[in-house]
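Asker: For reference, the chains in residue letters:
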Amino acid sequence: MVKYAWLIPVFPLVGFIINGLFGLKYIKKKAHLIAVPALGLSWLFSILVFLDVLHGHTGTVELFDWIVSGNIHIKVAFLVDQLSAVMLMVVTTLSFWIHVYSIGYMGHDPGYARFFTYLNLFVFFMLILVLGSSYALMFVGWEGVGLCSYLLIGYWYERDSAANAGKKAFITNRIGDAGFIMGMFTLWYYLGSLDYKVIFERAHMLSPEVVTIATLLLFVGATGKSAQIPLYVWLPDAMEGPTPVSALIHAATMVTAGVYMVARSNVLYNLAPFSMEVVAVVGCLTAFMAATIGTAQYDLKRVLAYSTVSQLGYMFLGCGVGAYAAGIFHLMTHAFFKGLLFLAAGSVMHAMMDVLDMRIMGNLKKFMPITAGTFTIAALALAGIPPFAGFWSKDEILAHTFYTGHYFLWFLGTFTAFLTAYYTFRAVFMTFTGRERIPHEISHHLHESPKVMTIPLIFLAIGAATVGFFGLKNAEHKPYFGAFLAPVIQEHKAETPEAYREAQTVVEGAAAAHGAQEAMGAREGAEGAARGEEFPEIVLVVISVVAGLLGITLAYLTFLKKAFDPVILLKRYTWPLHRLLYHKYWVDEIYGALIIWRVVDLSYGSWKFDQWIIDGIVNGASWVTKTFAWVTRVATEPFVVDGAVNGAAELVRTGYRVFRRIQTGLVENYMLYMVLGLFLMVTVYIFVNIL
Amino acid sequence: MQPNFGTNVFGFPILSLITYLPLAGALFLLFVNKEKVKFIKYFAFAVALVDFFISIPLWFAFDRTTWHFQFVERFSWIKALGVEYYFGVDGISLLLLLLTTFLTAIAVLSSFNYIQERDKEYYIAMLVLETGMLGVFASLDLFLFYVFWEVMLVPMYFLIGIWGYERRLYAAIKFFLYTLFGSLFMLIAIISMYFLYHHTTGEWSFNYVKWVYNMHIPGGLQFWLFLAFFLSFAIKVPLFPFHTWLPDAHVEAPTAGSVILAGVLLKMGTYGFVRFSLPLFSEATRYFIPFIALLSIIAIIYGALCALAQEDMKKLVAYSSVSHMGLVMLAMFALNPMGLQGSILQMINHGVSTGALFLIVGIIYERRHTRLIREFGGLSKVVPVFATFFMITMLSSIGLPGLNGFIGEFTCLAGVFKYNWRYAAFAVTGVILGAGYMLWLYQRTMFGRITNEKNIGIADMNLREWIYMTPLVISFIWIGIYPKPIFNIMKVTVDHLVEQVNPDYFKQKAQHEAKLKKALFYPAKSPDFAGGPSPLKMSEGEKSHGLD
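Just so you know, the protein sequences line up as chains A and B, in that order.
Mapping of the first sequence onto the numbering used here: position 366 corresponds to residue 366, and the numbering continues sequentially without gaps.
Mapping of the second sequence onto the numbering used here: position 326 corresponds to residue 326, and the numbering continues sequentially without gaps.
The hints are simulated quantities; they were obtained by calculation from the structure and are not laboratory data.
Be aware that a few hints might be false.
[Unchecked claim] Cross-link-like lysine-lysine pairs, in silico, BS3-like; alpha carbons within 25 Å at most:
no. : chain 1 : residue 1 : chain 2 : residue 2
1   : B       : Lys509    : B       : Lys454
2   : A       : Lys28     : B       : Lys515
3   : A       : Lys561    : A       : Lys451
4   : A       : Lys365    : A       : Lys561
5   : B       : Lys454    : B       : Lys515
6   : B       : Lys484    : A       : Lys75
7   : B       : Lys484    : A       : Lys3
8   : A       : Lys451    : A       : Lys28
9   : B       : Lys381    : A       : Lys25
10  : A       : Lys197    : B       : Lys515
11  : B       : Lys491    : B       : Lys507
12  : A       : Lys197    : B       : Lys454
13  : A       : Lys365    : A       : Lys451
14  : A       : Lys451    : A       : Lys366
15  : B       : Lys509    : B       : Lys484
16  : B       : Lys34     : B       : Lys120
17  : A       : Lys366    : A       : Lys561
18  : B       : Lys491    : B       : Lys210
19  : A       : Lys75     : B       : Lys41
20  : B       : Lys381    : A       : Lys29
21  : B       : Lys79     : B       : Lys210
22  : A       : Lys197    : A       : Lys3
23  : A       : Lys29     : A       : Lys451
24  : B       : Lys120    : B       : Lys36
25  : A       : Lys3      : A       : Lys75
26  : B       : Lys491    : B       : Lys509
27  : B       : Lys509    : A       : Lys75
28  : A       : Lys451    : A       : Lys30
29  : B       : Lys484    : A       : Lys30
30  : A       : Lys197    : B       : Lys509
31  : B       : Lys454    : B       : Lys381
[Claimed, not checked] Calculated from the model, a selection of chain A residues having no Cβ within reach of chain B, i.e. all distances over 12 Å:
no. : residue
32  : Asp65
33  : Gly107
34  : Phe139
35  : Tyr150
36  : Glu158
37  : Met353
38  : Ile370
39  : Lys473
40  : Tyr591
Using N, Cα and C, we set each Cβ at its ideal position, and we do this for glycine too.
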């Protein structure tokens, strides 16, 4: 089955081409008949490939040579292993159900065919990103999904906010991509290839500085794509796109690409302890900061957006402390529950005629029970309440953080878990329960969404409730999920036993050389000891669950029970804080003032410089030449150059006046001149020669 | 070493046929009644198209395994001066030749509607221009080359000066004088090399191959000759700070003129560097790398910043050309195979992408008679097909993977990175800014609500516009997905060029490969590997030629 893996991205590509060429004119409202089955086939093939991988069949599918120039040799080839199989399942499952949901959600939109065209293109690029066997191909997917994100955020391009948000997303991502590309080149420069297999085999040959720089540069790319500090600002704005897009691209799949990249590069990151620390700290800070902002937003989708930023931070925290499998696990569970949250929010929007302000919602459970129920399940998963999905993965990450000695990050992460539960249930209570605050013109329109939208909700709710069980521990006290990923995440994957052994020695030797091995070993030892004896994991679990429950309780007391009035409370005691959070720390404004407008100023400055100075010199040269020519014409010419010419003419004229008198026409006169002349000549001759 | 003047598998002068066919067409048009506008248009297009079709066999007949010139025609022309009529192409000029015939056919087709007066003269000028451009790429005798180089200026001067916009005369004269100014320095350099060649060999000749293989130019003289050629070519590229004629010329030129200007004429500058400066003055070339890299990096960033500030669409695209050509120059002077291949590929890419962008602007100008960005907005709603073509062209220009621009940029940047990573880091900022000005342009013209009533009723693309945009879009996708044939065409030629201009490159490459192999196969035993830094950590002196 693995050798047919290349078909998985081909289906959505075909869907894209058909809808792209004929959608606008001919297919129109039937676009889903092409787009959705294409995704269905992809999903089916992904399941088959996944089952194959489950039985241990992995491999590379090579298609054709792409860029062959000098020392660059990039093939279009797909790598099917445990990690890409997991990602395949996440991407195709979510994509399929969100496509189905879109049939209902986008039903009345005039750009229906365009929507599905873009969505299929997105899935194609996402699958290239996941399946590509080299950083170059990953970059193709990486930029491609960025493009689709741009197109879909700006889908309602007539709204300026949407068009601006799309542009912001693309350009912010480009900044990250510049880092990614430099990271890629660094690896290629030192290792001579961009292929994962070659790079990971040779990674030990990199000096510690180089591997640190390369991994940090790659991480710059990840901060762009996965919305981490300092490049996270585009994601909340991206909510301008249609809600299925927010669910698919800006929650479940595309934004997790950075996490996938870091996990994929785990061999490199393991060699660069400093980079790992950076990843962990950035991830944790982002998680915390975004969660704090999330507590003060009133726009339902924005709450979810900040929540996504925050959860992505958790994933990076996991990767940064070496728990790559836990990071990917959280990626998977998050895809389900956050995708679901967005879809349910979309269902709310659908009913509320696109109103998103939670202050004018309330008691929606009466009108839309399925939406309310599924939203709540997802919220429980996000809040980390057992046995829902988020609990397992978040707990795994926090435990790793603690056992690797990052106590402060662990504390911050746990506190963030409390905040997460708070803002999530704040949203639940404000939206679905309590007093109805809905304006009259909307309330008579309220209804549960059609089946084509609720069935995906239910399916994803089942997922959000159950996928966490992959995190259960097996007999060796390792989570099933981590054990499955172990071949890719912890050691080299090689075809033959010899190559495998060689790779192992290589890694050991190299790591020893860099001192990374000691660090890793020490870390693992400490972890094992701590897990086993001093600090049982169950205590950590209890702490994080209690944090979650506390958050929910606080939200309950504030928004449902009205034990204290939040508005008055906020205004009286914490209004500066609230303002700070409500305005998202003014980060957008700061970036605007410090960077964006400065670039614009610089560009106008350059242009003026170009016009006045550089072109000024050219025109100046021409002016000097022309002036010189003019001076020549009016001054020099008449008196000097022309003067000589005219002078000569004048001389001739004068001469002619004189000589005219001689020309009388009388032969006698001429005879006289001749005689006079002769006389003169003879006289001169005599004087000169004889005397 | 005995110079090899190359071969001709066709056995008949195919390059001359391709070069002079447009001229013959132009001569024929002289005798056509100027009232028969329709006939003139279609005839000119037919000539350009036939010319493109007869240039295609070159692609298939080209021998990719040799760097010697092919399809050669060589005989004595002016005996007294030793001038030869010498045509021939290698992997580099072949690509540019094909680009020229391809773009000219498209440019002619695109002018059908736009040109409303003096049609006959216009199409004659276009065809003469094509002959001039093809001659430049095919000539291997420097006298002949110079003749074509100057001939080409005249029709372009008329194209801008007669069929241009308001300030056309200013722009035309500026274009002409600026270029001529540079060319004269090149002429002096050519003449002094002519005497130098006579001095060394006792033979009078302008033959390029003889010059390259039989003449060693002493270092001090190389320096000056390089500068003379540099001035001529840098103005043509145009490299910062010699670029200011370009925005004016582009803004004032008719659409087809801009297409040819951006698509082909600018390539003559970079082609000149590749063909003449690099092999003839290899020492001076290496000496001047930092200087040219600096100017190129300024061009990349500065051009992009200027583009960001423009209000006129054509001017924006013109400044973006400055930025893109900066990358072409930077990559070329990395003097390694990736850099040079990327540079040449990027010439092709820039030709088709920027050509397409000018066509896009032309299409919208024909409908609205303005190029000011603020006059537009919300066009996506009115002209969806046009918006799609514009989008694809824009994406190609900003280097989105899957389209041509990416392949060129990636290869260029790789080459530059290999030479010096700092240069690459600067060049990458151009990529970011490129996305900035292009997306902003697209947003301001295509997105948003329709704010200007004049935009409401405009027509979407017609059949003729479909016909000339589609081949361009196909070329974007083809190069983006399967660029291998193009790399194959130029590979041997470029490798040879690298050997000429940067002979150390391959030597060092072999050393590093050996080092890498050693480290790979004996990881534990390798002494310089066991404890200290990796053997692959480049020392200062080696950094310019990294490992493969």
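Asker: Among all the numbered hints in the text so far, which are the ones the structure does not match?
Answerer: Failing hints, ascending: 1, 2, 3, 5, 12, 19, 29, 32, 34, 35 and 36.
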